[in-house]
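Asks: Sequence:
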Amino acid sequence: MRPTSGLTFGGRYQLSSRVAIGGMGEVWQATDLVIGRTVAIKILKDEYLGDPGFLERFRAEARHAALVNHEGIANVFDYGEEEGSAYLVMELVPGEALSAIIERERVLDPDRVLDMVAQTAAALQAAHAAGLVHRDIKPGNLLITPEGRVKITDFGIARIADQVPLTATGQVMGTVQYLSPEQASGHPASPTTDIYSLGIVAYEALAGRRPFTGESQVAIAMAQINETPPELPMTVSEPVRNLVYACLAKSPGDRPASASHLSRAAQSLRRGDVAAAAAAVPGILGDNSHAATVGLNYGNATQATRIMTTQGVAAGAAAGEATTEETKTRNPWTWPIVALISLLAVVLIGAIIALLASPGTETPVASSSTPPTSATPEPSPSATKVSLTEEELLDRKQDAVEAILEEKGLVLDAQVGSAAASSEKVGFSYSAAPTGNVTKGETITVYFYDKVAVTPTPTQPSANTLSPLGPYETGDVVTVKWASYQGCPAGHPLSGFSFLIQGGPDSGTSKQDPNSKGFDVELPGTAGETTTFSYTALCTDMESPRSEPVTVTVTEPAP
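Following the working numbering, the numbering of the sequence shown begins with 926 at its first residue and continues without gaps.
Warning: the hint list may mix true and false statements.
[Stated by the list, open to error] Pairs of lysine to aspartate or glutamate, EDC-like flavour, derived with a Cα cap of 16 Å:
no., residue 1, residue 2
1, LYS1333, GLU1317
2, LYS1365, GLU1331
3, LYS1322, GLU1349
4, LYS1365, ASP1338
5, LYS1436, GLU1468
6, LYS970, GLU1007
7, LYS1333, GLU1367
8, LYS1406, ASP1466
9, LYS1436, ASP1466
10, LYS1406, GLU1367
11, LYS1310, GLU1367
12, LYS1310, ASP1324
These aren't lab readings, by the way, just hints derived from the structure by calculation. The structure displayed is predicted, hence computed values, not measured ones.
Make the full structure from the sequences, and use the hints.
Replies: Set out below in structure tokens:
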């Protein structure tokens, strides 16, 4: 069924306007006719329905995504199929994608990037605790609300996108610029995969460019595996640079231990507490560049790349020391080794091409979680499992949450989370995971609201000046001028000025372009009358305080 405005899906979701077109389908704004709610509905392309197992996998992923309840993840409300079209009904998030913000502003303030990383990582932790890995974290999947809140979209979709045969030219199977080394090597994704991709996003926001580029998707994937990310600008503080480098470590084990640790570190750096940040991510204190340059040993393909590099260096060193006679006498194994290396290099490139342009191997979500670190036999469930619901832990202070968990034999991992919307919410819990039937002694991560965020506001502009200088006579025309304004908060560029003129023939309000520097005003025609000038700066959706007023009084012309 071709989506068009006015069409109704599932007997209740009426399409109104198309929001976006992506690799998997179209996203429309729609109205839920049953409860009157405005929603987003993602309608999949017909190409994705050619695989008999696809719809079942998609249903399962939709169910998994719907189970993750976190303020930083766009909610999944419903799923359906109608006349050959599969669709997913989701929360409609006001705001814009981070990709649009980066495209417009190029480089973002480090504090703003840390806030975005902290929010995104906190939401990812909730998903990882539920056994769900996103696998496609990128600026286009991070929506930023007008209040600066982050919402992750497309949970549960990315994992199955690469399991469908390609049936149409140009179908997008993944975003290689944000692909982790293990994904580029054809290995299963894990929670640290999302951490790596988030590190790429943070790098791009801080530097205004992506760390790895190439002339083809294969070249970029190879760079993800083997190359060192270029240094971030020196205007970014060293702890922040090191945090990003830690996320970009080639080996998953060298990255932050969890999304929770990453969120905690980013929040601490925002507060200027480097020690607390380093306690969560130790690499913040030192140079992590070595971790980002060590190639992964994921089997023969990557091993071949590493052998080839080593062989080249060794051959170059030997050439400087060998005699002419030694150069002529070659080892009989030289050509077989070269041939083997070349063959393995071809295998590597073929594997990457297969990853990017053909169906992968289905990997259950549960298998992408970090494996247990011990081989202790699992005790009987009846002796170790306790029931825990998120509701019994929410909207409570830390001591109350800790008491509930202690009574159940569980351990609290208290995390400072998002900024509270009001002072009454500060210190109260709003998210907990894992829940359900959990093992006694298990650690439960609970997020508590941080202090209310201070919303930046535009500064007061300087007072107007008039040209020429007074005194002024009746009927004079003056030019109202103002100084260059730099008081808009980050993320809210200057969009214009609003002027208020009180008294005289031009009395009233007027809007001026942000690039204009003045305009003419006629003064009153009666001696003794006054005209007052003042204005505000418009910073997109914010308005500054009004400037100090400037008042002039006109006199009779000299005889």
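Asks: Does each hint fit the structure? Answer for all of them.
Replies: Going down the list of hints, with the structure as the test:
no., hint, verdict
1, LYS1333 x GLU1317, "holds (12 Å)"
2, LYS1365 x GLU1331, "holds (10 Å)"
3, LYS1322 x GLU1349, "holds (11 Å)"
4, LYS1365 x ASP1338, "holds (14 Å)"
5, LYS1436 x GLU1468, "holds (13 Å)"
6, LYS970 x GLU1007, "holds (13 Å)"
7, LYS1333 x GLU1367, "holds (10 Å)"
8, LYS1406 x ASP1466, "violated (24 Å)"
9, LYS1436 x ASP1466, "holds (15 Å)"
10, LYS1406 x GLU1367, "violated (66 Å)"
11, LYS1310 x GLU1367, "holds (10 Å)"
12, LYS1310 x ASP1324, "violated (23 Å)"
In the structure shown, a violation is registered for the earlier hints numbered 8, 10, 12, in ascending order.
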